[in-house]
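Undergrad: Listed here are the chains, written in short residue letters.
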Amino acid sequence: SQTIHQWPATLVQPVGSPLSLECTVEGTSNPNLYWYRQAAGRGLQLLFYSVGIGQISSEVPQNLSASRPQDRQFILSSKKLLLSDSGFYLCAWSVLEETQYFGPGTRLLVL
Amino acid sequence: KQEVTQIPAALSVPEGENLVLNCSFTDSAIYNLQWFRQDPGKGLTSLLLIQSSQREQTSGRLNASLDKSSGRSTLYIAASQPGDSATYLCAVRRRTGGFKTIFGAGTRLFVKA
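Chains as they are written, first to last, in the working numbering: chain A, 217 to 327; chain B, 8 to 120.
For the record, the hints were derived by calculation from the structure and aren't laboratory data. Glycine is no exception: its CB is placed at the ideal position from the N, C-alpha and C atoms. Among the hints, a few may not be true.
As the list claims (entries may be wrong) - Calculated lysine to aspartate or glutamate pairs in the EDC-like style (CA-CA distance at most 16 Å, straight line):
(1) K107(B) - E313(A)
(2) K107(B) - E24(B)
(3) K107(B) - E275(A)
(4) K107(B) - E314(A)
As the list claims (entries may be wrong) - Label-pair restraints from in silico Cβ distances:
(5) S283(A) - T33(B): 29 to 37 Å
(6) N25(B) - G257(A): 37 to 45 Å
(7) S60(B) - P234(A): 41 to 49 Å
(8) N279(A) - V20(B): 23 to 31 Å
(9) N25(B) - G270(A): 45 to 53 Å
(10) P89(B) - G257(A): 17 to 25 Å
(11) G232(A) - Q88(B): 33 to 41 Å
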């Protein structure tokens with residue numbers, strides 16, 4: 217069966233510090249991968265999606281970036297965090313454009 | 008631009024009641040529509056996926072319908088239980104421009120024992 221992992225579960229970082237969130241998927245090959253952000257009281261916002269290794273599409277201009285170094289690994293990064301980067305970050309995968317399956321999420325607080 | 012709206016924003020019902028959650032979208036050119044459940048502080052759990060060619064999907068006590076022409080979907084929950092308490096999210100995958108998914112803000116459901 218397929219499993220999706222995200223870490224860390226919770227992160228508190230100072231403004232201006234770097235960020236690296238990791239997502240890995242098990243039990244499937246060549247999945248579509250997604251990074252979403254959920255701000256308090258708001259809907260999910262798609263940040264990045266990837267259809268293959270090294271293929272990243274950005275949906276929202278920001279100080280975040282994403283990379284896909286391996287087929288089932290998706291990394292969200294920032295060189296300098298802003299207060300507005302606080303939120304709940306969710307990774308998801310799908311086979312082509314079908315059902316999306318979400319990870320447990322990472323709660324990021326930037327102080 | 009696709010917009011997804013969910014009504015009501017919050018709902019409180021007694022246990023055993025049948026209920027309907029609503030989702031509306033502005034652009035009928037969708038690829039599919041997915042309903043999710045989210046418990047506080049957790050990730051999303053997929054409930055049902057309806058393809059654009061389908062009218063409804065059922066899973067246990069859940070039934071989701073899709074009317075593309077009117078830009079609406081409903082999630083019907085039969086015989087609600089306290090364990091159904093969660094936020095329910097509707098998400099529309101568009102057909103063009105990279106199949107981007109647009110989420111509604113969700114309906115927060117509380118089922119009282």
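Undergrad: A separate judgement is required for each hint: does it hold in the structure or not?
TA: For each hint, the structure was consulted:
| no. | hint | result |
| --- | --- | --- |
| 1 | K107(B) - E313(A) | 9 Å, holds |
| 2 | K107(B) - E24(B) | 35 Å, violated |
| 3 | K107(B) - E275(A) | 9 Å, holds |
| 4 | K107(B) - E314(A) | 12 Å, holds |
| 5 | S283(A) - T33(B): 29 to 37 Å | 33 Å, holds |
| 6 | N25(B) - G257(A): 37 to 45 Å | 28 Å, violated |
| 7 | S60(B) - P234(A): 41 to 49 Å | 46 Å, holds |
| 8 | N279(A) - V20(B): 23 to 31 Å | 43 Å, violated |
| 9 | N25(B) - G270(A): 45 to 53 Å | 49 Å, holds |
| 10 | P89(B) - G257(A): 17 to 25 Å | 24 Å, holds |
| 11 | G232(A) - Q88(B): 33 to 41 Å | 47 Å, violated |
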